[in-house]
Amino acid sequence: MRFAVEPSEGAGRNGVEAAGTPLVEARDVVKHFPLTQGIVSRLQRRPGEVLKAVDGVSLVIAPGETVGLVGESGCGKTTFGRCLVRLYEPTSGEIRFRGEDVLTHDAATTRRLRRSIQMIFQDPYSSLNPRKTVKAALGEVLTVHRLCPENEIPARVGELLERVGLSAAMGDRYPRQFSGGQRQRIGIARALAVDPVFIVADEAVSALDVSIQAQVINLLMRLQEEMGLTFLFIAHNLGVVRHISNRVAVMYLGKIVEIQPASTIFDEPLHPYTKALVRAIPKLDSALGARDTVAAIEGDPPSPIDIPTGCRFHPRCPYAMPICQTVEPPLADQGGGQTVACHLYPGS
Amino acid sequence: MATIQAAPAASRATIREASRPLWRNPSLLMGATLLAIVAGLAIFAPLLTPYGPIDQDLLNAHKPPSWAHPFGTDNFGRDVLTRVLYGARIDLMIGLVPTAITFVTGVLLGAIAGYYGGKIDTILMRVVDVAVAFPFIVLLIAIIAMLGPGLRNMFIAIALVGWISYARIVRGEVLVARNAEYVLAAKTLGFGDARIIFGHVLPNVITPAIVFFMSDAVLNILLGTALSFLGLGPQAPTAEWGRMIQEGRQFIVSGEWWMTTIPGLAILVVGVAFSLIGDGLADLLRVEERV
Amino acid sequence: MTNGSGEIAPILQIRDLRTSFVTSAGIVRAVDGVSFDVRPGEIFGLVGESGCGKSATCRSIIRLLPSHATTEGEVLLNGEDLLTAGAEAMRQVRGGEISMIFQDPMSALNPVLRVGEQVAEAVQAHRGVGRRAAWARALELLRLVGIPAPERRLREYPYQFSGGMRQRVLIAIALAGEPNVLLADEPTTALDVTIQDQILKLIVRLQRELGMSVILVSHDLAVIAHVCQRVAVMYAGQIVEQGEVRTVLRAPRHPYTMGLLASLPGIGARERYLQPIAGAPPSLLDPPSGCRFHPRCTYAVEQCRSWTPELLPVGPGHGAACWRQDAIRARVETTRIAVRETA
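Taken in sequence, the protein lines are chains R, F and Y.
When we follow our numbering, the leftmost residue of the first sequence carries the number 28, and every step to the right adds one.
When we follow our numbering, the leftmost residue of the second sequence carries the number 2, and every step to the right adds one.
When we follow our numbering, the leftmost residue of the third sequence carries the number 983, and every step to the right adds one.
Next up, chain R with everything else stripped away, as it sits in the complex (with noise of 0.2 Å):
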């Protein structure tokens, strides 16, 4: 068991539901992009466009739990975790956190679940203010929110960068002055400065070096641990997201088509696409064993702007049936925590 608590085991029972009060719940998120105006579409001349980040995801999140995000570049995995965080407004459907309508409008609950879900982000060379020292962003947070009282701020940041692993004594540096380690763990400490409940980590590790990935997964995995955190995890390194995760969802063309505890989605996919997914992925261990001889898919992913009609994989699924061109198969609970949206399995 990867886990010393598994939330999952009862929690992700049957798949998109999640059993007990979800922390959050998120029901047909749509988040279209109009391209009217974008290079794109003129360059295609084709005026009116619009560009289905996101097209329809329902996913629910236990407390405590990690659920892994993963499809390949252009998925909709990020605009998702953006909408969630509200970085970005979604177009249609519904999320909630701890119950509560997280796409009010209201000014005071946004600030304040604004707070508890936050977002760690991929590129540690970007995510921070270059012309700031690591005291003054952190402290800016704390100042904004009003979570310290002003001559507790040094010792707080102090706290803070030594809860990620640093010195408190680095806080006087600016961000260029760090390795992208050292970087992607002050934005660690960024997000935890608010005391949130719930933070989805976009990428988080993806630009790390192998050996310092490791150290910031571990980390992010203890102060789950110790703070009680929920995670969504977004990335498209598999390998990364089955140990992190509890549960792991995969994304094809804007829409989620399986969800599977992490401990079997490598060795039992159900969707074609994980399938062809996981196999593609090296992994050492069957590479000085036996090599896999079963056939990769074929082609690119087509373009969001132009889905396919039925299921969106059907172009270059390996199993596609007649049906498969016409009706969208639905998310449906196999049993044993496992959801799949295709044609091949009961209920779809």
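All the pointers check out, no bait thrown in.
Partner residues aside, some chain F positions facing chain R, computed with beta carbon under 10 Å:
hint	residue
1	181
2	183
3	184
4	187
5	192
6	196
Because the hints were derived from the structure by calculation, they are not lab data.
We treat Cβ as the ideally placed atom computed from N, Cα and C, and that holds for glycine.
Model the placement of chains F and Y on the given structure of chain R, informed by the hints.
The following block gives chains F and Y in isolation, referenced to the frame of chain R:
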């Protein structure tokens, strides 16, 4: 090369360069010194010359440079040196006051348009498009023609038109910066828009606008002198370099070069000073910005 | 390293390669005494973390370095030193004997020229053929690298190609001169996993069909494991371990390689927490004395501060630049026993 230089190596390099003392930046140093000298001469003009800027001495009119009048006298017998010194007060003002106004308004409007986008941006950019469609100087002349000539109206005219360049520069930069992860981070941390724009976005995008400020100051001095030359600036007998050139112009043919050449040189010196400062600042801020 | 007599002569021999960059902060020794051989028809992996000098090594071989770089040592291609070759000879070698493909397929193609033109141009540059013949060859090349409908795609522009397809085009261009050695510098890093898989398979297929040698530079041990026969692990500008891929990755004998493998999720990670290597790679401006890995190494003793061995033979064709072999072997034994007992 990014993959070759390890992060610690790169950061070490920037620290060393950023802490490079000011005197290692010759452009900035020379420009600032030059400008300080001109400003000093303008301020202490009354102590440096026994004449007044509009004191006429018709007996001594049209005199070439001499010990009593190092830069000669004009057609009213006014001391050219004195007028150039006093003129610096007005010309530096032309260089700085309208430029500062246009800088502030332009940066503000550009930042707002770029940050919020949408309707605000569209409206602002349409205004810019229209303004840009007119030849700049014709627009200025039209405005001054409506308001009447004079220093104050000239400032107003420049302020009405000049913000456009700053707005465009800053808007472009903000459009990029608003999607930078540190700005997104500030949003998720629940910072207010004003705090994000002034505390996070602007400090990171203002450099090109500051550098442009310096060249714009030169342009505005030239513009001011050009407008004065056309009789649209400060009125006679005010000492102003453009006006002096305009007045001395008719005597060039009779070989009285000093009436035009000396104020012309003064414009050149100030222009060079601002340009040097601009170059130096660009250099300084770029080094500091290298992340 | 121990090339027994009777083996085929290596096609490429790198001998004590040293590449440094002069920067305002000082001299960065990106490559510091790297030696390895590439045999005909093998895929040789260079693996390491960012800044370890793997890309610089690759670029030094083909002499594609900025002017502030200096390179010493020998790069022998069929016995001929490329580092002393003249500019014209080098131009013939590049794209002819040795070709290179890069990490970013998005910026490596000229956006205003048709893809066919760019491939045909490369063909003409290395084979004195006419325009028509060059286009015909370009068509063959696109077909070879698995681009569907190559007749149509030849007349399209780069923006009409996806990242994976562009990388295929770049491989086609690299193959135009029928090279004997292909340098692939992180060719799949910018691509999604499913596309990465396609490109890696393509490289392996082409290597087999055309019988070339490939140097594959990657930060991803799993990619190296899948594709390469032999591998060199680089750290701070030096090779710390080298050998058959299976041996090096299954039974590593250098603490850095061991640490890298342990920090990968999904391998040693049956535990809840990963086992990262402490600290961060050193600055190449001012690398640590002795063994460069010693400040991060759990096996380090006082002696490691002052000296480090060349690659020591630790097995057949397997070398590791660490003299604490006894301690490493002992530790490996104990874990093996522990694992057996728990099982």
